[in-house]
Amino acid sequence: MTLEWARSCPDLSAAEQAFLDAAVQARDREIEEAEQRRKAETEARIERERAEDRHRADQAELARVQAERAAKQIVALALSPDQRRLATSARDGSTWVWDLRRRTPLLSLTDPIPGQEINGVAFVDEMHLVTATNYAVRFIG
37 MTLEWARSCP DLSAAEQAFL DAAVQARDRE IEEAEQRRKA ETEARIERER
87 AEDRHRADQA ELARVQAERA AKQIVALALS PDQRRLATSA RDGSTWVWDL
137 RRRTPLLSLT DPIPGQEING VAFVDEMHLV TATNYAVRFI G
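If you count by our numbering, then the sequence shown holds residues 37 to 177, one letter each, in order.
Keep in mind that the hints are not guaranteed to be accurate.
[Unchecked claim] Taking CB as the label site, the calculated pair distances span: (1) E69 / D89: 26 to 36 Å; (2) E79 / P117: 38 to 48 Å; (3) H164 / R86: 23 to 33 Å; (4) R137 / E79: 17 to 27 Å; (5) R86 / V111: 25 to 35 Å; (6) E77 / D47: 36 to 46 Å.
Since the hints were derived computationally from the structure, they do not count as laboratory data. All values reported here derive from a predicted model rather than from experimental measurement. Every residue, glycine too, gets a C-beta built ideally from N, C-alpha and C.
Please build the complete structure, drawing on both the sequences and the hints.
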């Protein structure tokens with residue numbers, strides 16, 4: 037039933053016509069709202085799938101990076117609070133900060149504390165990093 041059809045019924049009183057018009061308009065609004073909900077749900081599902089794909093790609097890239105650096109024996113990992121950067125520290129004293137979206141290194145610190153293995157790394161916030169050895173803590177940022 038369409039609004040045009042409802043308006044074309046000659047046997048209806050003005051009140052009946054108004055009621056029928058309101059009912060048709062309410063139904064049309066419900067249909068439009070349902071279509072908008074379905075569209076929003078579909079867009080949300082697609083975004084979730086894309087995020088899952090990015091996560092799988094990030095995990096694969098992380099595995100590749102870890103494999104490449106296995107010779108240096110990564111001993112500590114830290115994910116930034118915004119989950120955009122990953123810090124790695126290795127037994128050779130190096131610390132790397134990686135951009136997970138671009139899959140590229142942002143910062144490389146080689147042997148920041150001569151002769152001491154780094155055994156811990158942590159993000160203080162999105163932009164500041166802490167590394168630790170058995171004898172020292174270094175704030176980077």
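Here is how each hint holds up against the structure:
no., hint, verdict
1, E69 / D89: 26 to 36 Å, "holds, 30 Å"
2, E79 / P117: 38 to 48 Å, "violated, 27 Å"
3, H164 / R86: 23 to 33 Å, "holds, 30 Å"
4, R137 / E79: 17 to 27 Å, "holds, 21 Å"
5, R86 / V111: 25 to 35 Å, "holds, 33 Å"
6, E77 / D47: 36 to 46 Å, "holds, 42 Å"
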